[in-house]
Every structure is written in C-alpha cells, then in structure tokens.
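Protein chains: 4
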Amino acid sequence: MGMQCHKKIMRGYKKPTVSIIGASGYSGAELTKILLSHPSVKLEKLYAHTQAGKKVQDIYPSLDTDAVFEPYNGETDTDIYFLALPHGEALSLVPQLAEAGKLVIDLSGDFRLKSPKEHSKYYKKDKDPDAVLPYALPELFHDEIKQAKAVSNPGCYATSIILGIAPLVKKPLKNASVKSVNCSAISGISGAGRSGKVELSFSEMSGNIRAYKAGKHQHTPEILQALDTDTFTPSFSFMFTPMIAPLVRGIYTVLNIQLEKHIPVSQIEGHFTDFYRSAPFARIRKSMPEIQHVAYTNFCDIHIAESAENGSTVIISAIDNLIKGAAGQAVQNMNIMLGYDETHGLL
Amino acid sequence: MGMQCHKKIMRGYKKPTVSIIGASGYSGAELTKILLSHPSVKLEKLYAHTQAGKKVQDIYPSLDTDAVFEPYNGETDTDIYFLALPHGEALSLVPQLAEAGKLVIDLSGDFRLKSPKEHSKYYKKDKDPDAVLPYALPELFHDEIKQAKAVSNPGCYATSIILGIAPLVKKPLKNASVKSVNCSAISGISGAGRSGKVELSFSEMSGNIRAYKAGKHQHTPEILQALDTDTFTPSFSFMFTPMIAPLVRGIYTVLNIQLEKHIPVSQIEGHFTDFYRSAPFARIRKSMPEIQHVAYTNFCDIHIAESAENGSTVIISAIDNLIKGAAGQAVQNMNIMLGYDETHGLL
Amino acid sequence: MGMQCHKKIMRGYKKPTVSIIGASGYSGAELTKILLSHPSVKLEKLYAHTQAGKKVQDIYPSLDTDAVFEPYNGETDTDIYFLALPHGEALSLVPQLAEAGKLVIDLSGDFRLKSPKEHSKYYKKDKDPDAVLPYALPELFHDEIKQAKAVSNPGCYATSIILGIAPLVKKPLKNASVKSVNCSAISGISGAGRSGKVELSFSEMSGNIRAYKAGKHQHTPEILQALDTDTFTPSFSFMFTPMIAPLVRGIYTVLNIQLEKHIPVSQIEGHFTDFYRSAPFARIRKSMPEIQHVAYTNFCDIHIAESAENGSTVIISAIDNLIKGAAGQAVQNMNIMLGYDETHGLL
Amino acid sequence: MGMQCHKKIMRGYKKPTVSIIGASGYSGAELTKILLSHPSVKLEKLYAHTQAGKKVQDIYPSLDTDAVFEPYNGETDTDIYFLALPHGEALSLVPQLAEAGKLVIDLSGDFRLKSPKEHSKYYKKDKDPDAVLPYALPELFHDEIKQAKAVSNPGCYATSIILGIAPLVKKPLKNASVKSVNCSAISGISGAGRSGKVELSFSEMSGNIRAYKAGKHQHTPEILQALDTDTFTPSFSFMFTPMIAPLVRGIYTVLNIQLEKHIPVSQIEGHFTDFYRSAPFARIRKSMPEIQHVAYTNFCDIHIAESAENGSTVIISAIDNLIKGAAGQAVQNMNIMLGYDETHGLL
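Taken in order, these protein sequences are the chains called A, B, C and D.
Converting from the first sequence to our numbering requires adding 291 to each position, the first position being numbered 1.
Converting from the second sequence to our numbering requires adding 291 to each position, the first position being numbered 1.
Converting from the third sequence to our numbering requires adding 291 to each position, the first position being numbered 1.
Converting from the fourth sequence to our numbering requires adding 291 to each position, the first position being numbered 1.
None of these hints come from the bench; they were simulated from the model.
Errors might be hidden in some of the hints.
The list cannot tell twin chains apart, which means a pair is met if one copy fits it or any two copies do.
Stated by the list, open to error - Pairs of lysine-lysine residues, derived as BS3-like cross-links and limited to a Cα-Cα distance of at most 27 Å, are as follows: (1) K504 / K345; (2) K577 / K415; (3) K577 / K507; (4) K346 / K577.
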C-alpha cells in the first residue's frame, strides 16, 4: 500500500525494521498482513521452522509479498521481533533478543505468568521466576508497555474477558465489588491454529459446538493476574468455560458477574465509558455486540446487557481472536513501544 | 426399532390418526418427517394457513409425501392433534379440540405458564388463569403426561436447561442446595423459525454470533416453574443469556451452578445417572457433549464438566432444538399418552 | 414405511444378518445408522481396523448402539457383508466372502472398472482382469443386481453424473445423440472421509471453494463405462471437474450436454420421466434441485434447466453423497439382492 | 489510516473528494471501507435512501467512521461519484452527474450493454441506445477507462468469466480459436445483496447449493460483448450456469473451453501470463485457485487446470465478488481515471 507514500514520509528517516519468528501460523500470517501495510515500519524477515524454504504465497496466497520463509538461526539484524511460536519455544529466545537490544513482542504464554507455580499447573512446564514480561494489554497497562523493551502479548480469551471485567475490579463502584464471575466464551476455530486434527475438520465442526477445558483453561491465571488476584486464593470466585463453534474468527464472551449490589445498566455503562476514555479500541456499545462487528478489526466491543435487582449482571464482549486477540494487539503494543499513535496502521 | 411393538399394535388394531396444525414451519416439517415414518400412527392432515394449497414437497422436497397443505377450519376428524403455531394462536384452538375429545400436544408457549402475571410479562399478552396444560417434559413429569388428554410441549432452551439442573433441585444433594444458576445457551438459527429477516440471512450470520434478550427470554419463567419456583421470588438466583451462532440445529447449554458446598464431579454424575435411570433420552455422558452427538436425535446429552472447591459447578447439556426441543419431544409425549413405549418411532 | 412388508417378512422368518467391514468411516457410520433401523435385517458386527476396541458411541455418539468396533479376521458368520474400505483393501476380501457364499456389497472402487488399463491409470494400482463385479447402480442395472451375489457400489460423483446423462445416451432421442458433456460437480467435504488434513480443516474450508483433479478424477472411467463407452476412445467428449465447497453432505452436479440438435426442455423432461418410471429414487423435478432437498435421503433429484437453440443443454442433479452416493445406495442394492422392495428401510 | 501521511503527501495539493450514492448495501459498505483508508482521496458523503438518518456504524459497526447516511437530492459538491444502486436507478442520475463535470463510476448494469435489445431482454427494462458507458474492466480496457469521465463497472460473474477467457478470444492462439464455452460459477451469498429473503436465510442456505437462471443470467450479454460478440449471433457457443453455495464472499468459476485444437497447458499458461503482463491484479497461478486466496483482495486468480487431446480445456478463475467483482474494481477504475497507480489503496 502506497510505497511512494512511505518514501515521501520517511525522507531523512529510516523506518524501523521488523521480523516475525513463527510467521507461518495464523497469527504470524495476520501479523505479516498488518505489518506489510503498516506505514512506519519495514517488514524484513519471516522465519518459520517447518515451512522454511517455501514462498509465503504458496501457503497464504492472499498475502501480497514475494517473501520466502526462512529458518531462524539466531539473527538479530532487525530492530523489532515478533514471536508467534508455540508455547515453550520463546523461553530461551526472548532473553537473547532482549540482550541484543531488540524490541520484542512475544505472543506466546511463556512470559505472562508471574507465578512459576501457576505456570507449571496450567502449561505443564516449569519456568524460571524471572521469565516474566510486562503484560501488554494496552487498555490497562499502557505506561508499562511504553517503558518496556520486551512485552508479553495477552491471550485471546484473556483479552476479551479481562476487558469486560476490569472496570468493575480495577476501579470498583461504591459498595459494588465483584463477588463472582462465571464466564462462557466461544472461540472461532482459527484459535486452535493451523491444524490437521480430525476434530477440527470441516466435517466434524460444521453444525457443531464443543466446550473444553471447563475451569481448567490456561488463560485463567492470566485473567486473574491482570485483575490483581490469582487462582490459588482469588479475591472473587471465577469460572471460565471455553467453547468452539463453527466460525473461523472471533471470541464472543458472556460474563455473568455477581456484584455486591444492584447497579443500573446505565451507570455501569457510564463507568465503562469513563474507564476506557483514552482507549481507542475499547468500544462501549449500547447495542448487542456481534462477531461481524469486530471481525477483521482491532476493536473490543463491550455491552452491558443486563443488571438484575440482586446484582446479577451480564456483560458481553467480542473481539477478533487473530487481531485484537493476537496480531493486531501485538502491533498496537509495538506502536506504543515506538512512540507512534496506538492506532497507527490498525484502522 | 421396536419390532415387538409393531406386532402388538398391528394385530386387529386400527392405527390412531394424526393431524398437524401449523405444519409448514420447521417444527411442523420435523413433526411431519417423524410421524410419516412412525410405525403406529397414521398422519392424515397437514394444516398451514399461509402455505395452504401448496404441495408439502414444494416447500420441503426432502419429505416423502404427496400431501397438500390445507387451511384449518375447525375440523376434528383425526384422533390426535399437534399444534405448531406461533405463540398466541393456540389459545382458543386447544380448548375446542380438547372438548371434542381429541388428544392435543401444543408446541407453543400459550399453555405453559401457570401464572398469568408471568405470561403477560414475558409474552406481552394476557391470558386466562385456566389456560394451563400439564408441562410435558417426560423426564420429569411422565405420570402427569400419561394421564393427560392435552399437554404443553416445553420450549427448546427450557428443555436443555431444565434437564441440566433438575436433579440438583428436585432431589438436592445433602447440604448442597442450588444457590445460583448462570446459564449461557447457544441455539441453532432454525430456532428463529423459517424467517426472512435480514439479520438471520446467511450473509449476516455466517461467521457471526449474537446474544439477545439476556435475562429477559420467555423461557425463563417456564424453567423456574418446572424447577418449582418462579421469577418473582425465586428460590435461587437465575440468569439466562441466549445466543445464536452459525449452525442450523441444536442447543448447547453451559450451566454455571453454584452449590452450597463442593460435591465431586463423580458424585454429581452418579446422582444424575440415578435420577434419569428410567429416562431413555437423557444420557449422562463422561465425555464432553457436542451438537453433532445429538443432532437429528431425541437425546439430551448431559455432562458434569467441572466442580470447583468452592461449589462452583459447570454442567453442559446439548439437544437438537427441532427434535428433543420440539417435534421429537412432542412425539415422545404422544407415545406416552397413547401408552406406547416412549421411544417408539424415535430411535 | 412398508408395514405390509414387515408382516410378510416377519411371519416365521429369521432376519438375515449383516456385518460391515470398515465401519468407522463416514460411509460405515451411515450404513450403521440405516441398517440399525432397517426392519428386515439384523446388524451384527462392525469391523474397523484402526478403531478396534472402541465403542461405536465413543466415535459416533448419535448412533443408538452399544456395539464395539472389532478387528476383522476373516469371519464369515453373517449372511451379508458391506465393505466400506479404502480403495485397494477389498481386492482380496471380496473373493473370500463370495466363495463362502455371502452376499457382498463393496463400496470401494476396486471392482468397478472392467478395464485393468483404466484401473491402473486412475487408481495407480494394477488389478486382475477378473476383479470386476456388476456395477450396482439400480436405476440402470436393476436386473444384474438382482441376480448377483456380489456387487460393486458406484462412486458418489459417478452416481450423480450418470443418472443425469443416462437417458440421453442409453435411449437417445432421435437425431439428438450426445456430442459432448462438460461436467462440474461440487461435493460436500465428508466425501474426503473422516480426515485430519490441514486443507480440510474448518479454518481452511469455511468460506472456501477448491477444484481438484480436473479431467483426472477416478470416477471418469466409471462414468463412461456405465454409459457404454470408455476413456480411451470415448463415443462423446467428456470432461469432469470436481470441487469441494463448505458443506458436509451432498453432490451438486451441473451437466453441460451438447446434443446434436435442439430438444425442448419439456421433451427432455418427459423422456427422463419415462426412463426413470420404475426408479423410485430418481426424481425428475420441475424446479431447481438443492442439496437440502436430498440431504439425508436416498433421492437423486434431476432437473432439465436449459436447452438452447444450438442443442446446448443444462441438466442439474443432486444427491446426498453419503446416502445415495454410498450407504443408502448400498442398502438399496441389498434390498434388491434380497428380493425386498427397493425402498425398504430407506424412506 | 495514516492521516499525518496524507497531509504530508498532499502538501500544496487538495485531495479529490468522493461520495457514494447507494452506500448502505454490501458493495457500498465495501466501497466505504476501501475509500476511508485510500491515501489520495477524501470520502465525504454516504447517500442511502432507505437508511437515511441512520449512523453508518449502526448498520456496519466494523467501519471506522462517524458518518450518517443521507438522502441524495441531486448534490454535485464532490469531485467523484460512485453509484452502487439497484439496476435501473442509475439511468437518470449518471447523465446529470456527468453533465456537472463529475467523475462517475457506476456499479449497476444500467450502462453496460450497447444493445438496447439485449438490455430489454436481460434486464426486463427498455433503455436509450445512448445509455452506454465504457466497460471498465481494467485488464482489457485500460486506455478507454483512462480517457473516460464516466464508466460502467463490470458485474461480478462477468469479471471472473471474462478474465478467464479473454486471452484466448482477444488474441487467439494459432488455429486454436474458441469454439464453445460452458461455464459454471459459484457465488458467495453476499452477491444477492443485503436481503431478507427466506431462501437466503442461514437456515435455508447452510449445507445447501442452488443453481438459478441457467442460460439466462443478465451477465451473459455483458460477457459476450466484452469478448467482441453478442448473444444473438455469437461467434462461439456460450452457456453459463450460476449457483450459490454456503459462503459469503467470492466467485469461483469453472470454464470448459473447447478449442479448435489441443494446446498444452504450459503454452496456454504462458499465453495468459503474457496477456496479463501489465495487469497487476490478474494472477496466473500454477496451483489451483481457492476463494480463500482472493477473499478480501482485488486479485483475480486464474489457473489452466486441464487441456485434453481433443482441445477440451478447463480454466479456473476466482475473485472476491465484493472487491474485484465490485468495490475494489471500482476503486481500481477511479485510480486509473485520476492518473494514480492502479493498485493505489488496494494492496
């Protein structure tokens, strides 16, 4: 998009260069698409282990690039690195890149949890207590991200769920603290990655819905940590049931939040609107969110759907799992780290 | 498929005759399909106001019948009547048919609620306090159905939700009564009927999810009534959020049930298995239910998915909204009313 | 559903027993479903190599059976055998079963082609010239099937395509022989089997269409053979392009048939109606076929859509690939071989 | 997207202003999306009759704009007008806008056909012989578009079909002229517009395929005209069967082209590559096109799939019906008319 434009803007300015490690999965492809048309960075290398040697277009013909996937061998010749690797594979890479003075945005779960105990429990792998990076959910942690050289990009479910609860926990309404949260969230099937499992085949998933890992999903500790509590002695009861349904993109979250007392919908709405006043991608909506409203965008739509006399409150949030839940949010974080406008290249 | 049964019925026995009033909608078509192949009744008339005069095959070419939709003008010449009419239209018809000595299974919401106040609030229509029929959920009310000449077939969401809660409410575990239920349920789009609304078009619903009527759906009072309480002074907190997703058939229900204390999954499972021991269509499953497991069947699959230390319990249930949620259950009720085996013509 | 039939069969008559070898694929599951409710045979064994030891319900929970998949070790203790194995695996089995005096319906491509040369070219495997069974397309070869002890069930595309052309080739209209056929056919993804290939995953196939094997599909020689010609010196030009689209079931076929001269649509329609007069599952329709009209049925719907002045004719046919294109047709063949009514257990 | 960028580029240059008349349909929404992020024009007014007064975001929440739909009352205050109106409604508007010196890109069928006789036959409406604009398919008519002040944007099917045939007709291979074309094309359901017809509902179209207007579609004369012939005395036999399948976007076209003699695939491929050498959006591909390769892009992917000894040739082409088949191509035409790079704002 508009190469002449780039050159003109950048007169006397060298655009930062970017590489993606783990570029051949769905998040990597989405990152590639966004970064190719980003006006103020230059995408240079697309590293992908299993697809090394293949042209990007052979796997993603819709991407307008002649690039070829390369194996990653420790290069540090670009300014910024996005890591879109399977959980566990970033643990050794991020420190190396950070040491080399690179900006790093890691999309895995490796550096999200402060508690090695929670990490072991939910990721079935031990990790060092130091393996933690600032949790890069810009709507909550903008300043930490701005200061950071390396950040951990939130999980997709976590993004959708945290944004729908945070204003009630981070800045509680008077006498209306959160007593419990029951959360059901439906993910598009791309959330499972570019996969050849029978149970994710079109024939099995068309016309189908399937819950999984009820109460046990690895985003649980991440959500509670971002809300200033933890899974071992949580400050409120929390239960999360993820599902997949027959759509490719999106996360649709129903939050049943029990407040200490009844707060009218309009007041909660006002509170959320205030809370996210400076967050351009969090949209508090008066009508019901839909996946089609946020698909292919970096928006998180939030709607206060119901608030019963007994304090039982329903909040709905919706995102595109590959954009706001992964690649878009990663670029939003890069923008913040580079001092660009948060929305740059994302609208 | 019930061979013994055939022989008994057939010996010197004239099969009861059946008509469907409101046969051209999706529930009507599904009833037609089931009744056409039911071994022990004879489907005679298909009444449908707007489609009167058209051949059934012109609208549902997959149905193997030469029948023509007829306008209903008060005929009472068959033994059994299924009513699959829009809410409100059965109110005057059912008494006439009952008076004429017919067996009646009404699929609308008209006769479900005992409280005219609840009916007014949720159906936006007043009704007579007498306009109530036995609530025909066979897994809970088999005996009442057996005695009845006219019954009210449950709603689709209600079927799925009630069956997932009932054992814990109807026969509570010691010191483990139900304190609250938060329920999210996803319906196939056929639940909205054979409709030409833009928001139900393929282009709008593909890749989409949309919640609606959170906390306000008309099945709410029906669910609470079947669980021996009501919406005005409920014995436990209840919140229900319905959604539609891009599939045609099915209801997938996530029940977040807060029990007074923790009960292990296996114990709840055992309790449900006992409770539904004589209910052939309620299947307590050890693995996660899926819509594809129940689609085109009359089964309700139930799975105890999680039970946390604090008593927070997740139960999943799944049905086919057009079968167990409508036409199949209606035939199950007819079987019971006629003294046939409950599963006759349904397996 | 055939009540007279039941009575005749049942009086002092032991139902024939049936086994399925290769029961765990989609065709096998569909066969299981049909045979479980077939009134006049008894389904006994479900053989499946890779799934041996698993309960059928663990893989297909919608099937109402307690059966367990078993490994096949040469047993010959039931009367009838359906083989739903990958191509190549039936070659040695069928002769053994035939020798043991069993009725055999083979769903693979192994015994379809008379020409070993064509078999080698299209199946990339050599076979014996004797490895041929009667081609069991009942609408064309009813009498041969009736005589046979073992038959070869047609391919799914082949069924849909042959039935849409046969009346014009087998009983040509005067001065209107077929000069060329260009055929595009879209298959539901279940046609590729219960598969874990990335390119058949929901994420890849949702919103997608993909042609494959244009001019090279292995059903090509089968189609021409059934139409009394062959691929080496065909009596008319024939080109077939298969595609997959985002639906699970069905084959939708567009036939561009060039006739020697213009024949009006109504005359072609009449000719087809006559030709299929005694074929209960071939429906000549005046309106446009749709997959939903034939899904979950054994019908093949055929419509003469256009006939231009220059003889260019468009015929559309539609089937359910798993029913009329596989399991349903196999049971139709079994019915014929057993002397039952062709539609027995299939309506 | 990148407003700073705009300002810098445009120093001393006022960006042309643009309006869309008929902005609330799917093509209008897609135009809005593309033009909002186009670096070198300024989108000003969104006219939409039936939605006048509503915010654009109320109908298309994914669009990042605060605009409100307005009724069109003859305003001529922007430089460029896109018309995305139902057929028939542009006939009087285009001349007025052209007279006012505006650039006009009309997306309807009103000005495509030179022959009033063909227009009457296929659009069931008479029109003036003068009501013709240059046919704006840039891959074939780049120079005419560059000169024009008002153009007629091609139909979606027509774009896909013409681009797959043109090199063989416009610049025929020696002794290999085109004798006949049989064409099947599958459209995404968005091609039917934002519609509330029952037969386009999710419940009716999921798992379904339906052909329509075989041999009678209104793009037929447009296709032949672009290929220098006509429907009354065509220089080659042409038959077109359109279908809809359960996907939202895309046109997938199978062209069965009978050439006078056999030309090897590689030679045809080379010929197409040469022919489209200066056409950035026509991609001649060695692998099979898929809708997912072109969805959300302005590319037309073309693949020579098969070429039989008798000259029977299969060519596949794929586009996004809303982009290359409508809004994207319209912007491509605007770029050409304004002297911008053809791909400006489209990659």
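These are the hints, each one checked on the structure:
1. K504 / K345: For K504 and K345, the Cα distance is within 27 Å only across copies (23 Å; inside one copy 35 Å).
2. K577 / K415: between (41 Å within a copy, 24 Å between copies)
3. K577 / K507: between (32 Å within a copy, 17 Å between copies)
4. K346 / K577: between (45 Å within a copy, 13 Å between copies)
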